[in-house]
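Use the sequences and the hints to build the structure in full.
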Amino acid sequence: MSLMKRLRLIFSAKANKALDRAENPNETLDYSYQKMLEMQQKVRKGVADVATSRKRLELQMKQLQQGSDKLTNQAQQALAQGREDLAREALTRKSGLAGQVSDLQIQHAQLQAEEEKLTLASQRLQAKIEAFRTKKETLKATYNAAKATTTINEAFSGISEEMGDVGLAIERAEDKTAQMQARSGAIDELIASGALEDKLALGGGDDIDRELASLSSTTDVEAELARMKAASGGEVTAGEAPKAIDATGPDEAAVDSTVEAERTKEEP
Amino acid sequence: MIVRILGEGQWEVSEALLEVLNALDQAVESAVETSDTATFGPALTALLDAVRSQGTRLEDDSLEDSDLILPPSDASLDEVRAMLTDEGLVPDP
Numbered sequence: 001m002s003l004m005k006r007l008r009l010i011f012s013a014k015a016n017k018a019l020d021r022a023e024n025p026n027e028t029l030d031y032s033y034q035k036m037l038e039m040q041q042k043v044r045k046g047v048a049d050v051a052t053s054r055k056r057l058e059l060q061m062k063q064l065q066q067g068s069d070k071l072t073n074q075a076q077q078a079l080a081q082g083r084e085d086l087a088r089e090a091l092t093r094k095s096g097l098a099g100q101v102s103d104l105q106i107q108h109a110q111l112q113a114e115e116e117k118l119t120l121a122s123q124r125l126q127a128k129i130e131a132f133r134t135k136k137e138t139l140k141a142t143y144n145a146a147k148a149t150t151t152i153n154e155a156f157s158g159i160s161e162e163m164g165d166v167g168l169a170i171e172r173a174e175d176k177t178a179q180m181q182a183r184s185g186a187i188d189e190l191i192a193s194g195a196l197e198d199k200l201a202l203g204g205g206d207d208i209d210r211e212l213a214s215l216s217s218t219t220d221v222e223a224e225l226a227r228m229k230a231a232s233g234g235e236v237t238a239g240e241a242p243k244a245i246d247a248t249g250p251d252e253a254a255v256d257s258t259v260e261a262e263r264t265k266e267e268p
Numbered sequence: 001m002i003v004r005i006l007g008e009g010q011w012e013v014s015e016a017l018l019e020v021l022n023a024l025d026q027a028v029e030s031a032v033e034t035s036d037t038a039t040f041g042p043a044l045t046a047l048l049d050a051v052r053s054q055g056t057r058l059e060d061d062s063l064e065d066s067d068l069i070l071p072p073s074d075a076s077l078d079e080v081r082a083m084l085t086d087e088g089l090v091p092d093p
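Chains A and B, in that order, give the protein sequences.
When the letters of the first sequence are read in order and numbered with the working numbering, they come out as residues 1 to 268.
When the letters of the second sequence are read in order and numbered with the working numbering, they come out as residues 1 to 93.
What the hints contain is simulated information worked out from the structure, not anything from laboratory work.
All of these numbers come straight from a predicted model, not from anything done at the bench.
What you were told as hints is all true, and nothing was included just to trick you.
Incomplete in silico selection of chain B near chain A, CB under 7 angstroms:
no.	residue
1	D25
2	E29
3	D60
4	L63
5	E64
6	I69
Beta carbons: idealized from backbone N, C-alpha and C, even for Gly.
Below, the structure is given as structure tokens:
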């Protein structure tokens with residue numbers, strides 16, 4: 001038998017099983033309507049759950065992106081100070097993060113697709129619920145014979161099929177979300193455990209920061225020394241002064257020391 | 001004849017198209033039986049496209065049941081196989 005007929009039989013077998021449980025046609029109508037409302041709750045919860053997972057992924061992507069931007073800055077600073085080795089290290093870390101980000105982007109697109117599917121399923125179900133509510137009251141009002149039972153059962157098959165369809169969509173979305181939550185949990189754990197800490201610590205001072213800072217404080221000292229020597233009319237050693245003036249590092253360090261000075265002033 | 005594509009909705013399809021659909025369906029079914037994932041995807045897409053392009057979409061508020069039911073467009077071979085078993089993926093109403 002063809003695949004499409006087999007699938008159809010599976011759906012109708014499930015509908016018949018549900019019908020058998022009902023004592024009389026009126027009960028079938030109320031039971032079905034109740035089930036539809038429950039299903040609508042489920043699909044709405046499904047949409048919300050997928051959206052939560054999607055937002056979590058967005059946050060992680062943002063964190064990874066910030067980490068990546070910071071590594072770019074570090075690489076530029078390192079290069080400006082002639083530290084190619086440090087720049088290379090920063091860029092290597094950055095490419096590791098880029099892999100994570102593109103993985104998350106794929107997952108994000110999948111979650112968006114699931115969210116959209118469930119939203120559409122919810123809209124279709126809502127339309128059917130409204131149609132069925134009207135039909136239910138009409139059938140109840142005219143119900144008088146076995147003939148009505150057939151009509152009722154037909155209506156039930158239609159909505160039962162829809163509920164099977166929606167139920168399946170919810171289960172599939174849940175499975176996908178669960179898989180992604182496990183993976184995104186792993187990324188959170190990596191961040192928390194410190195494996196990515198150096199790459200993600202924002203403004204917090206990782207090893208590259210420390211090296212850059214010590215480089216700029218060295219050039220600061222040399223620059224000040226050169227100025228003092230010049231002011232006192234002493235001889236400036238060739239090679240040191242130009243290096244200090246060209247360096248880009250001192251600005252940041254100067255701001256730091258100003259902040260430090262103000263902090264000291266505020267203290268009683 | 002009414003055909004449902006799971007996850008999408010229902011289409012009214014002319015009886016004349018049944019032969020075409022059966023042939024396309026056969027390709028999907030044999031891909032599932034032989035676990036031929038390379039053939040499965042394109043075969044399923046061809047089957048669903050035939051329904052979408054030849055059929056007329058039913059309104060969302062239609063309460064009719066379908067004569068044929070087709071897997072969702074993004075279903076994997078394993079998922080379709082599981083759907084075809086009685087205790088498979090299709091939830092009880």
